Every structure is written in structure tokens, then in C-alpha cells.
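Participant: Chain order of the listed sequences is A and B.
Numbering-wise, the numbering used here puts 152 at position 100 of the first sequence, and it's gapless, one number per residue.
Numbering-wise, the numbering used here puts 344 at position 292 of the second sequence, and it's gapless, one number per residue.
Derived from the structure by calculation, the hints contain no laboratory data.
There may be inaccurate statements among the hints.
Identical copies go unnamed one by one, so any copy, or any two together, can satisfy a pair.
[Unchecked claim] As a list, the in silico DSS-like pairs of lysine-lysine whose alpha-carbon atoms are at most 30 Å apart:
1. K73 - K245
2. K195 - K328
3. K328 - K245
4. K245 - K138
5. K117 - K328
What you are looking at is a predicted structure, and each value in this text was computed from that prediction instead of being measured.
Protein chains: 2
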Amino acid sequence: MSKLVIVGTVAFDAIETPFGKTDKILGGAATYISLAASHFNIDTSAVSVVGGDFPQEYLDLLSNKNIDISGIEIVKKGKTFFWSGKYHNDMNSRDTLATELNTLADFNPVVPEDYKDAEIVMLGNLHPIVQSSVLDQMTNKPKLVILDTMNFWMDCALDDLLNVIKRIDVITINDEEARQLTGEYSLVVAARKIHEMGPKYVVIKKGEHGALLFHNDHVFYAPALPLEEVFDPTGAGDTFAGGFAGYIAKTDDISFENLKNAVIYGSTLASFCVEKFGTERMQNLSSSEVHKRLLQFKQLTQFEIELK
Amino acid sequence: MSKLVIVGTVAFDAIETPFGKTDKILGGAATYISLAASHFNIDTSAVSVVGGDFPQEYLDLLSNKNIDISGIEIVKKGKTFFWSGKYHNDMNSRDTLATELNTLADFNPVVPEDYKDAEIVMLGNLHPIVQSSVLDQMTNKPKLVILDTMNFWMDCALDDLLNVIKRIDVITINDEEARQLTGEYSLVVAARKIHEMGPKYVVIKKGEHGALLFHNDHVFYAPALPLEEVFDPTGAGDTFAGGFAGYIAKTDDISFENLKNAVIYGSTLASFCVEKFGTERMQNLSSSEVHKRLLQFKQLTQFEIELK
Numbered sequence: 053m054s055k056l057v058i059v060g061t062v063a064f065d066a067i068e069t070p071f072g073k074t075d076k077i078l079g080g081a082a083t084y085i086s087l088a089a090s091h092f093n094i095d096t097s098a099v100s101v102v103g104g105d106f107p108q109e110y111l112d113l114l115s116n117k118n119i120d121i122s123g124i125e126i127v128k129k130g131k132t133f134f135w136s137g138k139y140h141n142d143m144n145s146r147d148t149l150a151t152e153l154n155t156l157a158d159f160n161p162v163v164p165e166d167y168k169d170a171e172i173v174m175l176g177n178l179h180p181i182v183q184s185s186v187l188d189q190m191t192n193k194p195k196l197v198i199l200d201t202m203n204f205w206m207d208c209a210l211d212d213l214l215n216v217i218k219r220i221d222v223i224t225i226n227d228e229e230a231r232q233l234t235g236e237y238s239l240v241v242a243a244r245k246i247h248e249m250g251p252k253y254v255v256i257k258k259g260e261h262g263a264l265l266f267h268n269d270h271v272f273y274a275p276a277l278p279l280e281e282v283f284d285p286t287g288a289g290d291t292f293a294g295g296f297a298g299y300i301a302k303t304d305d306i307s308f309e310n311l312k313n314a315v316i317y318g319s320t321l322a323s324f325c326v327e328k329f330g331t332e333r334m335q336n337l338s339s340s341e342v343h344k345r346l347l348q349f350k351q352l353t354q355f356e357i358e359l360k
Numbered sequence: 053m054s055k056l057v058i059v060g061t062v063a064f065d066a067i068e069t070p071f072g073k074t075d076k077i078l079g080g081a082a083t084y085i086s087l088a089a090s091h092f093n094i095d096t097s098a099v100s101v102v103g104g105d106f107p108q109e110y111l112d113l114l115s116n117k118n119i120d121i122s123g124i125e126i127v128k129k130g131k132t133f134f135w136s137g138k139y140h141n142d143m144n145s146r147d148t149l150a151t152e153l154n155t156l157a158d159f160n161p162v163v164p165e166d167y168k169d170a171e172i173v174m175l176g177n178l179h180p181i182v183q184s185s186v187l188d189q190m191t192n193k194p195k196l197v198i199l200d201t202m203n204f205w206m207d208c209a210l211d212d213l214l215n216v217i218k219r220i221d222v223i224t225i226n227d228e229e230a231r232q233l234t235g236e237y238s239l240v241v242a243a244r245k246i247h248e249m250g251p252k253y254v255v256i257k258k259g260e261h262g263a264l265l266f267h268n269d270h271v272f273y274a275p276a277l278p279l280e281e282v283f284d285p286t287g288a289g290d291t292f293a294g295g296f297a298g299y300i301a302k303t304d305d306i307s308f309e310n311l312k313n314a315v316i317y318g319s320t321l322a323s324f325c326v327e328k329f330g331t332e333r334m335q336n337l338s339s340s341e342v343h344k345r346l347l348q349f350k351q352l353t354q355f356e357i358e359l360k
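Let the hints inform the model, and build the full structure from the sequences given.
Facilitator: What follows is the structure, given as C-alpha cells:
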């Protein structure tokens, strides 16, 4: 079992989907990643920043899942990062209605002493310089560094992004972002170009179409579970990353074969995340529910063709 | 081993993709389906119509693959169905530049005597009344009838389409068509509604994202093999259907478990089809190439998570 450090936003979200809308609720990449990783009962630390307006009950919610929150700085006079978005009818695209950085604008993450030797580091979507500063604080070279990012940083901070990408082992990115980062339409070619930028493993997330794991000439495909209804896609990508990182920390095995399993766990947890608004489904998720859905994933993908 | 009857177009295609363009080459649904099915060395009959302008060498090409072509009517004074299309840069969408029905306008398919008791019937994309007329000619109730169709018939002949859909066991349809046919966005819900229309099995083709097989509450997902380059997508859906039908005829097993394998074979053959223009790749495809790619499909999808 390895220790896991997660850096990312802890935030307020206000979400509108065809099924309804919310007031400000708990959100943020580090929140979703941590909640997903907490399923594995590992030593996890969430590193982030919030304002004085952030409710104690949200912090307690994370603590109660055994997530170390000593790395979540509370800026008493500041306000918590706020994002608001509205999904289109197909749920595959959304408009951002508001982004208020607030305390996030001056965020200097501080990794707790106990976690400076963590073997697994999950860099959630943030400015690439902030992501780099977390790596600078690690006293031992981590066994595996996973980075999530988005097109925004490709537009605004590409050099910084490329610098941090050089330092990581796994990148998780969606299909459009992989195409933007490389200028290649074929995801096979895009993954190869991203390998050349540094990461040994490239995970390309395709939303309802699942996720691809590339490692040199090897590729693995985990479909998304076909769902009757996607209620709210917010946090699905982060939940995927949290399940992926958490499973690796739990099993302490960074082989390609084991990373396949990590992708399946990430997909499994993400399939729950979208069933309710925000983090609601992830807050009350039992081991037996996860186990049952893993069986569904097996049935969904496994086949028996005799090949000599 | 079962006999397989295939009905569909045998045609001229002229194709333009970002990689180049062709003059009139061999095309048509029945052509692609037959070539894919011929991989299984089963008794296959292609039922279609062509004009006097159709080259003997194309007919020989099918014959040499052991496809019975006695059901391909040659209208000496007529012209062969012609389709011309141009693919956009993403290869996922295309414009039809020309459609000349020619002899297809008066096509009355005649199933050869030897094949009126065929156990497996594959109804390629055609007017649903023409598809129905093939079923009317079968002397024994087939074990499995598979139907492929497209949005055009939903727009122009919906009642006829619904009538033939009542009579079939498996429908293959793409995701947008499934949504159009049912008015449901969720493919899970759409598949359920299509079940209610008649078919026990619903195959939803998602192009580069693979294919889903639904059977009551069961679902199976076959990804498409991630490819460096899609050269020409023409015929990929028909090749999928031909591999699917051919494998079922070969194994003579219409269980859900075996239909999963049929989907994998369909996906495998379709992954070759798109590598060259038209039918070129399918004309020269060896068993060992297919075998090797099936292994790739296993590696792409199979994982080992211990679940008690």
C-alpha cells in the first residue's frame, strides 16, 4: 500500500442540467478525486485552498472518509473558488456561466510533512506551475505521478504545461485535448506524440465512449458503462482519476497489466458519479455496490473466443 | 454450419477522402457483407441486381470467394446502382455527391432455390419492402434474421420499416439512427424501445467508438480497434454485419454468448476494411491476419480483476 497525495481545487459548484439545477454545492477536482480514492482505504492527503466561507461540514465530510485535510489551507478572509456551468441536452457539452478564482488565484500548495515521501502523486487540473511546485516538495522521487489537465492551459500556459508534462508518468486528458495538444486527429498518433513529451502512460478519456490507456505499442480500452440516464457529468473525469490513482496506491503495482485494472476501477467509480448531482452519489457509495458494478464491467467486455 | 442468404446492393462507388479519390470501383452493401462472410467458408448466397455495365471480373471476384452469385440478376440493358460520396476531414461524416438508383429502382430479389431454406438471413440496407419480400420467399422459418437499415428509410418509409422490423431477430443500426427511430437519447433506453418493436437483439454501431450488443437486460461492448489511420470508412458497417452474420452461420449458435463473439469478429473485419479504399483490403485478407487481430482485440479489452 502506498501513500497518495492529491492536489487540486476544493470548490463551490452551481450546476444546471436538463434534470434540474443546484445552488452552490461541494465541488472541485481534489474533492472528487479524494472521494473516489477514499474507496480504497489508503493514506490520502488532499492539498488545496478554500476561503472562510467554506462550511466546516464539507471539511468534515472529507475527514470522515479518512482523507487527511491538513493540506487544505483555509484563508479566513478569502472566498472559495466558485464555478458555475450549464449542460446542453446531450450532456456532452456545457457552457461555463461563472468562474470566480477567489483564493485559488494565490494558491501555493503545501504538501504536509507526512506526505512528502508519498509514492503516488495525483496532480489535479490546476495551473501547471502550481502542479510543478507540488513535485518540487516531494523528498523522495514518487513511484508514479499522474497529471490531469485541460485545454485552458494549452491555450494560456503551454510552455509551463509542457514543462510539468516532462516530469510525470501518466497523463489523463480527454480526446479533444489530446488532439489539441498534438495537432493529430488519430488518437493512436496523438498518444505516441504525448509519449515523446514524457509520460510513459497516456490515458485518453472519451466520456460516454470510455477511456483508452496507451503504453508504448500497447493499448487498452475500457468502455463507459452504458447508462439509462446521465444526471450530472460534473466530476466524472476527476472521479475516474481518483479511482485510477487510488487503485494503484492500494495495489502498489505500476505495471501495465495493473494499470488496466486501475482504468476499470476509474470507469466504475465514474459511472456512479454521474447518477446524481455533484458529489452526492460518491458520498454514499458502498463496497458492495462497487463490487456489483465491477461484475457488470466484466460482463460488458469479456468474451471467450478460442484462439490457438 | 448454416447457410447464409445476403440481400443488398452490388454497386459502383466513387469515393473521396482526405487521402485521395477513386473512379468507379466495386461497392455495395451485399458486396461488403459477402466478402466479410466469405472469411468463414460457409455456404453463402448474395442476392442483388446489377446492370449490363457491371464487369465480369467483379462477379468473378465474388465467385472466387465461394459466394453463390446465381441470385445476382443482371439487367443487360440497365445500369448498375451508383453512389458517390466525399468524407470530411474527421472521417465521421460525409456528403453524398450522387445516388443513381438505375436497376435498383425495380429490384425484385429472387432467392435461389437452394437457399430458400437457409438458416441465417442477412438483410442489407435496402427499401424495407424489398427486405420483407426476401423473408416471404423463405420456405423454412430462418433461425436468425439480421437487418441493417439507415435513417433514409425512417424518413421515407417508416411504416414499411416498422413492419419488417417486427419480423427480424437482430437489427444493426448506428447510434444516431437508434436515437431517430426511438426519439430517445440514451442508447440503453433506445435499445429497450427497439426490443419492443420486435428484435431480440439490438446492435448499435458507434463507428470509431465500437459497437454495443443489447439483449434484454444484458449488454456487451466491443470497442473499435484504435487505428493510426482510417483510410476509407466506406463499407465498414456492412463488413461488420458480414463478419457478424458469417460467424453465426459458421458456429450455428444464436446464444447471447456466441453473439458477443460475432460482434468481436464483425469489429475485427471492419478494422481491416477501413485500411484501404473500397473493398481492396477485404479482397486480400488472410486467416492469419485475422487471427492476429483477434488477439489484439483480446489484449485491448481483457483484464484480470479478482472478484469474489
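Participant: Under the constraints set out in the numbered hints, which ones does this structure not fulfil?
Facilitator: 2
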